[in-house]
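S.K.: Put the complex together from the two separate chains, hints included.
As you go down the protein sequences, you meet chains F and W in turn.
Note that the first sequence ends on residue 169 in UniProt numbering; no numbers are left out.
Note that the second sequence ends on residue 476 in UniProt numbering; no numbers are left out.
By construction, these hints were calculated from the structure, which means they are not laboratory data.
Take these hints with a grain of salt, some might be off.
Coverage of chain F stretches by chain W, computed from C-beta distances (three or more under 8 angstroms per stretch; other residues unrestricted) [said to hold, decoys possible]: (1) 110 to 119; (2) 122 to 134; (3) 145 to 153; (4) 156 to 163.
The list that follows gives simulated cross-link-like pairs (lysine to any residue, SDA-like), each with its CA atoms no further than 25 angstroms apart [what the hints assert, rightly or not]: (5) F/Lys148 / W/Ser32; (6) F/Lys148 / W/Asn60; (7) F/Lys152 / W/Lys50; (8) W/Lys50 / F/Leu98; (9) F/Lys127 / W/Tyr44; (10) F/Lys146 / W/Glu46; (11) F/Lys132 / W/Glu39; (12) F/Lys26 / F/Arg5; (13) F/Lys127 / W/Thr31; (14) F/Lys127 / W/Asn60; (15) F/Lys132 / W/Cys28; (16) F/Lys132 / W/Pro35; (17) W/Lys50 / F/Asp150; (18) W/Lys470 / W/Asn358; (19) F/Lys152 / W/Asp29.
All residues carry an ideal CB built from backbone N, CA and C; glycine is no exception.
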Amino acid sequence: MALVRVISSDGAAFLVSQRLAKRSGKLKTEIETFRKSSDNSEAQPEIRIVTIRAEILRLVLQWLQQHQNDPVLPANQNEQDGRGDAEMGQSQWDRDFLAPMDLGIVMELILAANHLEVKGLLDITCKLVESKITGRTVDEIRTAFKLKSDFKGNEEEQTRLENRWCVEN
Amino acid sequence: MNESKKMAYGEPTPSTSSSTSGSGAAGCDWTSLPPELQELILDYVEQKQKLLNLRLVNSNWKRVADTILERRTLSLWNSWDPSEPNDTEEKAECIYIRRLVYSEIKQEHRWNLAITSGAIRLRPIWTLWEHLSEDIVPSPKWDHYLPSTHNPKLGTPFPTNSLRVRFNNNIWPHNFPLKLRVQLFQAFVLEHSSSFFYLSSLLITNIQLNFSELTTILGQLGNLKALTLEEIQLDLEPRELEQGILPPLSKLTHLRVTSTTSNNASHLFVNAYCGQLISFETNSWIPMFNKPYQHLERLKLIADFKPENQFFRSSGPEEESYFPVLNSLSVIIHEEKQRFDWEELNRSIDVFPKTLTNLQLNIWMKGKNGEEEIESLASTGVTFPYLTELGISLPATFQHAECLRRVILPKFPELKCIYFIETDCVLLEGVELEEDEDSVEARVKAALEEMDKVKEMVYGPEFVPRVCPKLETIDV
Chain F
1 MALVRVISSD GAAFLVSQRL AKRSGKLKTE IETFRKSSDN SEAQPEIRIV
51 TIRAEILRLV LQWLQQHQND PVLPANQNEQ DGRGDAEMGQ SQWDRDFLAP
101 MDLGIVMELI LAANHLEVKG LLDITCKLVE SKITGRTVDE IRTAFKLKSD
151 FKGNEEEQTR LENRWCVEN
Chain W
1 MNESKKMAYG EPTPSTSSST SGSGAAGCDW TSLPPELQEL ILDYVEQKQK
51 LLNLRLVNSN WKRVADTILE RRTLSLWNSW DPSEPNDTEE KAECIYIRRL
101 VYSEIKQEHR WNLAITSGAI RLRPIWTLWE HLSEDIVPSP KWDHYLPSTH
151 NPKLGTPFPT NSLRVRFNNN IWPHNFPLKL RVQLFQAFVL EHSSSFFYLS
201 SLLITNIQLN FSELTTILGQ LGNLKALTLE EIQLDLEPRE LEQGILPPLS
251 KLTHLRVTST TSNNASHLFV NAYCGQLISF ETNSWIPMFN KPYQHLERLK
301 LIADFKPENQ FFRSSGPEEE SYFPVLNSLS VIIHEEKQRF DWEELNRSID
351 VFPKTLTNLQ LNIWMKGKNG EEEIESLAST GVTFPYLTEL GISLPATFQH
401 AECLRRVILP KFPELKCIYF IETDCVLLEG VELEEDEDSV EARVKAALEE
451 MDKVKEMVYG PEFVPRVCPK LETIDV
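Bound conformation, chain W alone (with noise of 0.2 angstroms):
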């Protein structure tokens, strides 16, 4: 021990070791390093206003802090989050706390950059409507401005190279037409487009549009990766949505679209990038058959879909080959109406995609099945050799655990994780709206109970690792 401790390392050998002494070079110099090295040391400063100074230092440091923060804003659509985002503004709100306190706890600079990167505040030219007058304009803190001029040499003038544009309710006067907003916004990209080309990521939130509109704004974004249209109301003519043909954006990479109308408007969106994305995430899709889905590794599709509509289910195994790639899926229907039996469930899972590593099942199911139903529900012998990671809805009584162990799990040989999604529904079926209150508090009440115990028998080491032997966490 001691004499290998002892020749670890050795003292230069005399032969050769002259050269050593007096060479005179004593270090090297910034400009020396490779790029890459400039960008993974000047990563380590997390704070981004620190970073935001660095870009004043010279041209180079600049660029760099530039790349890093283009990076990190990206790595916002880049990482996988299969939970369910904000569908109204009401959750939209709920979100923003949700997200704020996550990254207080874990790391606040993510939050920065989450809600901050590049955030603009458009202040409406009020002069333009002289009836407003000046004592509503809210507040002198959004009144930031674009700097006028522009140096390509430079970059952008978005640091980050996203821009994040929130149409608040609260910053338009009371009574502010909804559709001047986007007119104004409109005018706005256009008088800027030459800084609109630069940017590599966009995140607009409620706002009204009609295609000349969508497709104006579109245009002046040629270098986009990533797109988020967030609580978007679409006008479009039935003919727009049919043949409508949205600009080129040979880079978006990443996009998520959530409207609040029912027009399936993603319908624009698939037909013009499928064959580019990498991870899409949508609350209306309508299936298109004959799009291939090459690069898509992960998908994300909210609520509102009618089960007979579903992309996977009606289509057969051979429709695998649209999604070559894809790793990452989570369904979320949270509709009265649409709640699956377990039948449904067994053959709708049966078609995703054999390619998934990692799958989230966030659906409400039907209540009671017949005991019938439960017998003849079998095992389909499909399984998912690459799937590690499931997500799926804590059975609510003993009936739904059992169907999860006898038909669900088995199709997961691989799995190494789990996650049980708890919902505060509590499944009430055949309740009459005329049945006296006690009663119902008492069917209330023996729910929760059942569920109590469910919920501690499913994380039981029994109950999952009995069927998946190679999982290691069971988690909410």
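Chain F on its own, in the form it takes in the complex (with noise of 0.2 angstroms):
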């Protein structure tokens, strides 16, 4: 079977199988890009990816492990939604898989998802940041993003004025 290593930011190496390394959009390129610059077919390639850590790197081979059998979600599936099928991946695994992350490591979730070119994965993340948000008070989504109002003097208030320009009646 034909291996791909992958090494994260912080030198750790992954060894996985081409196959599965191909459903990232990004790895995919890179593996072509590696095939067409060298003489040897067998040479096994080697990928750094300087932007990711171990930690990350692992989840997001983990997620891709486990959907490796799914349809291949084109990248920009619906324009005008801007999202794809949000139902499709939401499993029982993922969110199990999901459960014990907290926010950041969800966000750099985000980061790696992109950054691969994993669609589904950055789907059910990207939507897992929406349910922090919706149904939470302005405060409480400071509070959990870390987050400080840098609003001066009435410029809240008059952001509450704008908003109500946008209710009908």
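M.R.: As structure tokens, then:
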């Protein structure tokens, strides 16, 4: 079986089947580039992902492994909705997979899924963040995302007034 | 199989993995996400009210939410809807209801955006007309005020960058002079011009304007990308119509103008903006043969132009270059006096740009053709190599169906999807007024029966698929 070596930013190497790796758009391109530039067709490609650390890379590969038989979601499935089929991949396994992660890890995973072009993972992680937003008050959101209001003077009140414009009647 | 599973992802090889533990970098925070990912994430928040709430978190979230709100509003102009729009007030109401139904079934947030984004109700300034007593002030619910200050750093006071101004008749007191409405609005625009400058889309309905009012209002809208003027009554001097110059709106790409006056008001807009438009929809259009539409992708023309004036029809093949990228065209002609015959339709289609991928012909056809006429109809051999979607009026008679199959369909060898547009108008030619009711009724009945049989036939597997082998869908 053809393998590929994927190396994280902190130097951890993962040995992965090429079939699995190619479910990431980014890795697929990298493998193909390697093939074209390499004289030896048997050589094992080695890909460095300088922006993703081992812990996160492992999570991505773990998710890919679990979903290796899913149909690949097209990158920009629906221009108008901007999101694919959110139901897809929202399995019990996914929920268990995401459950222990804190928001920081989820956001790092979003960065990684985006970089590696793994649409399905991007979709469920974004959905998770969304679920942490809706139903919360502004203060709760600030706490959850470790954000501070940078509004000055009456700017927040101003924004509140502006919002009224969007509500009919 | 077992082995491949084991191999699919491995433990980090021991060589260099020491740095993973205790790195302390437990996740990243919101601010380290690039703006496009921030937008992607918050775009998962579907309800507009919730997005509005996110504007209160901080200035970064406000900016991201505003970007999403603006994009969603603009998508109302970006998406292609070939069907017939409202062109009378009565129909406007009808569309209103239809859209509501549509969205309740499909996506509620669409509807909310469609009709309520940045909605503004102008409350007349009653003190100016002291003879109007307070008790006829319709309702305090329109009593919104524009936020009085404006901070450019934080964006616009219109969260969606969109404004919809409906001059509903029912918000004005009885006998309120029509002319005063627009003067109020014009004063409002001028007073808040710095805010209007930020608008990217504007929809105005039911308004009467003259040239100077139109230019004054448009002149404040330097960032406008999408403009709808619906049911406007433009009072233009012939000189203004011919030579009037509208203010430049360099970002304007989507335009809808439906005018209630017959003076071909869209001439003005075509003159000013045709070279930059991506989509254009109008119910009155003077063809202009010296104006290229380099960027126009979607064009929708509704009724009331005469067939002999039709833009495409009177142009030769060399005119195609005026529409180099047009991919969607919808032509809607529902005029009793302008019914097409098949020869006319045949020739009209031939001069449409060959770049089309989507064509919608919602046209009323003439009744029975003579036998010879049908015989002499021949396919012209002109084909549309990219056209995959066709909408066409459902043939009313067997003759029509035959014309469609023999002459029209062969133009579209790549057709994948055909929509038959049903009309409720029954063709009854040669019915005399003095004919007795029974015989008219019998003829209506016969016509309806024939329509039903034709319908069955065209939906059958033999009809369209035989001519267009790539057909996948037949739909209403």
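S.K.: Confirm or reject each hint.
M.R.: Evaluated hints:
1. 110 to 119: holds (count 3)
2. 122 to 134: Check passed, 7 qualifying residues.
3. 145 to 153: holds (count 7)
4. 156 to 163: Coverage by chain W holds for the stretch 156 to 163 of chain F (7 residues, Cβ < 8 angstroms).
5. F/Lys148 / W/Ser32: 15 angstroms, holds
6. F/Lys148 / W/Asn60: 10 angstroms, holds
7. F/Lys152 / W/Lys50: Since the Cα atoms of F/Lys152 and W/Lys50 sit roughly 23 angstroms apart, the hinted pair holds (cutoff 25 angstroms).
8. W/Lys50 / F/Leu98: 24 angstroms, holds
9. F/Lys127 / W/Tyr44: 6 angstroms, holds
10. F/Lys146 / W/Glu46: The hint holds at about 23 angstroms.
11. F/Lys132 / W/Glu39: 16 angstroms, holds
12. F/Lys26 / F/Arg5: Status holds; Cα separation ~14 angstroms.
13. F/Lys127 / W/Thr31: 18 angstroms, holds
14. F/Lys127 / W/Asn60: 20 angstroms, holds
15. F/Lys132 / W/Cys28: Status holds; Cα separation ~16 angstroms.
16. F/Lys132 / W/Pro35: This hinted pair holds, its Cα atoms lying about 19 angstroms apart.
17. W/Lys50 / F/Asp150: 20 angstroms, holds
18. W/Lys470 / W/Asn358: 15 angstroms, holds
19. F/Lys152 / W/Asp29: 23 angstroms, holds
Of the numbered hints given earlier, the model fails none.
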